[in-house]
Structure formats: structure tokens, C-alpha cells
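Engineer: Sequence:
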Amino acid sequence: MWSSRKSVIVMLSIYWCLFCSVNTQAALDFGYPLCSGENIYTPGSTFEANLKNLLTILSSNASKNHGFFNSSVGRGFPDEAYGVFLCRGDVTSQACQACVSEATKEIITQCPKEKAAVIWYDDCMVRYAGRSFLNINNQTLGFYYTNPSSVIEGTGFKQALDSSFSDLISQASNVTDENKHAIKGFATQIVNYTRALTLYELVQCTPDLSGNDCGRCLREATRYLPKCCDHKQGGRVLLYSCNIRYEVYPFFGILDKAPSPSPAPSPSSIRKHKGIFHPSEHSLINDRLFQFRLNYVNLTYFIFC
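Numbering (mature numbering (1 follows the signal peptide of the UniProt record, and there is no 0)), first residue to last: -26 to -1, 1 to 279.
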């Protein structure tokens, strides 16, 4: 009996070490790479050398360029490498740096010898290619994924979500010369759907897009919501040039306190935000950490109680 229990203690210790390992990486979530699968470069080629230099440049600029930066290395096709990074509008420069540093390493690991690739994290996106893609509105779908739990108060949910995102997209795409130093194409809002349900919504475009192109990209992203996230408690759609997300819990930084509950969405029940916010907790990782803790406690109780 004691031998069996001793083995379980060892297993629990290993389990706890795994938890601690995840905890140290709480600032980073798992990446979502998308490789072109079309053009392959030759190892040792000029393009490979240029790509490595490019990724180093992107990483070294992540803490000092307001969350967006583009660069290129080399001269002309087929040797020149183009790349950008985009950090979420509410993260700190330190979080941006950490995310881009991880992404620039992981993208060539996940997409070896690929001449074009993109990788998304919760805090950032890194993309490179063998041709310039700056100022091009690329509405190609990368990924979409959803919270598997359904909304209980489902009546009118889709209409409310469509309406609130439409309003948010209008804000994000309304960029002028007067606010050009703010974060272009980024906005969030909090919507009190019911007394028991609050929605947290975010949209973001790459700042090289015009306001009109940003709006077009974001509207295209919302078209995937019925397919991926119908009446779900959360969803995220990642296109090459923009992304949208909503959850029933806070996942972005907020300047002021959460709104008071109200019966249904209305102009007065929607809080809108543009610009840089205080950093929020990394909800996706925190959810995993909570599950680790819960499983550990439950397993310990089962064995020893």
C-alpha cells in the first residue's frame, strides 16, 4: 500500500513540476503557425541568410516601435525577405518583445525552408514572405477557434454580436491624420448583453492598411463567426491582415472599471476603448493554469483523503 502511495507521490511531484513549467511561460501562449507549403528555399541560400537577419531585426525592434514594425533584407527577387510583426494593442512593450522574440524563433522551426509563413500568438503575430505584402489587404483566413461552451441566454445573441462588432469595426477603421500617432485599427469594447452575461470584444488590423481596407478586412472576419462560433461563449478569427475576438471574460487591458449590468445592449451599455491600455492577465494561459491547479488538488484529495 505504501509503495503504491509512494509512486503516486512521485507522479504528483512530476505533475506539479509540469504546472510550474507552464507557470513560468504564462506570458506566452501556444503559437498557431501557417506555412505557405508552396515555395521552398534551399538551405544555405542567400534567402535563408536574409531571412535569419530579418527575423533578428524584427525581434530587436519589438520593444520600441509601438507594437508594429516592418522591414526587408536583401535586394530583389528571389533573395529579398520581407517581414512584419504586430503586437496586440493593449500589451506592454515588454510583453510585445517577449512574444515577438518567441515567434521569430518558432516560425522557422514550425515552417522550415518555407519562403512564406505566419504565426499567431495571443499577444502578437509575425509574418514573412519572399515578396512585399505591405499595404496589401490580405483577407485570407488563417485560423478560427471557439469556446466550446454555449450561451444560455441565446435569444437574439447573434444579432447583438453582429451589431456590437459592426459598431466596433467602425471605430477601429476611423483613422485620420489627427490620431495617426495612436494605435491604428485597434479597438475594444465591453457589452452588457444581459444582467448575467457581459461580452468583451476586440478587433485589430495591421496599421499599414487604410481605414477602408481595415473595415473590409474586419467585416470579412465577422463572416466566419456563424460558422465557427454560433451562440458560443467566445470566438476568435485570424486573417492575415486583421483579427477579431470576443469572450465572456476580460482578456484585454481596461482603463476604467467594468460597467454596471443592464438588461440588454444599448449605446449606454457599451464601453469603447482605443489606444494603449493597462495589460490584462493572459486569460488563455490562466485558464490552463487554473485547470492544472484544479486537477492537482482533486487528484491529491482522491489519493490521500
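Treat the hints with caution; some may be incorrect.
Pairwise CB distance ranges, derived in the manner of DEER restraints [unchecked claim]:
(1) SER123 x ARG49: 50 to 58 Å
(2) LYS79 x LEU171: 38 to 46 Å
(3) ASN148 x ILE110: 15 to 23 Å
(4) SER137 x THR20: 50 to 58 Å
Straight-line C-alpha distance at most 20 Å; calculated SDA-like pairs for lysine to any residue [claimed, not checked]:
(5) LYS206 x TYR118
(6) LYS132 x GLU221
(7) LYS201 x GLN145
(8) LYS206 x SER124
(9) LYS26 x THR16
(10) LYS201 x SER137
(11) LYS87 x SER37
(12) LYS87 x THR16
In case anyone wonders, no lab produced these hints; they're calculated from the structure.
Keep in mind it's a predicted model, so treat the numbers as computed, not measured.
In this text, a Cβ means the ideal position worked out from N, Cα and C, and glycines have one as well.
Engineer: Does each hint hold? Answer for all of them.
Structural biologist: For each hint, the structure was consulted:
1. SER123 x ARG49: 50 to 58 Å: holds (52 Å)
2. LYS79 x LEU171: 38 to 46 Å: Holds, at about 39 Å.
3. ASN148 x ILE110: 15 to 23 Å: At 21 Å between Cβs, range holds.
4. SER137 x THR20: 50 to 58 Å: Given range 50 to 58 Å: holds, Cβ gap about 51 Å.
5. LYS206 x TYR118: holds (13 Å)
6. LYS132 x GLU221: This hinted pair holds, its Cα atoms lying about 14 Å apart.
7. LYS201 x GLN145: violated (25 Å)
8. LYS206 x SER124: holds (4 Å)
9. LYS26 x THR16: holds (13 Å)
10. LYS201 x SER137: Holds: LYS201 and SER137 sit about 17 Å apart, inside 20 Å.
11. LYS87 x SER37: Distance ~28 Å between LYS87 and SER37 Cα, so the pair is violated.
12. LYS87 x THR16: holds (7 Å)
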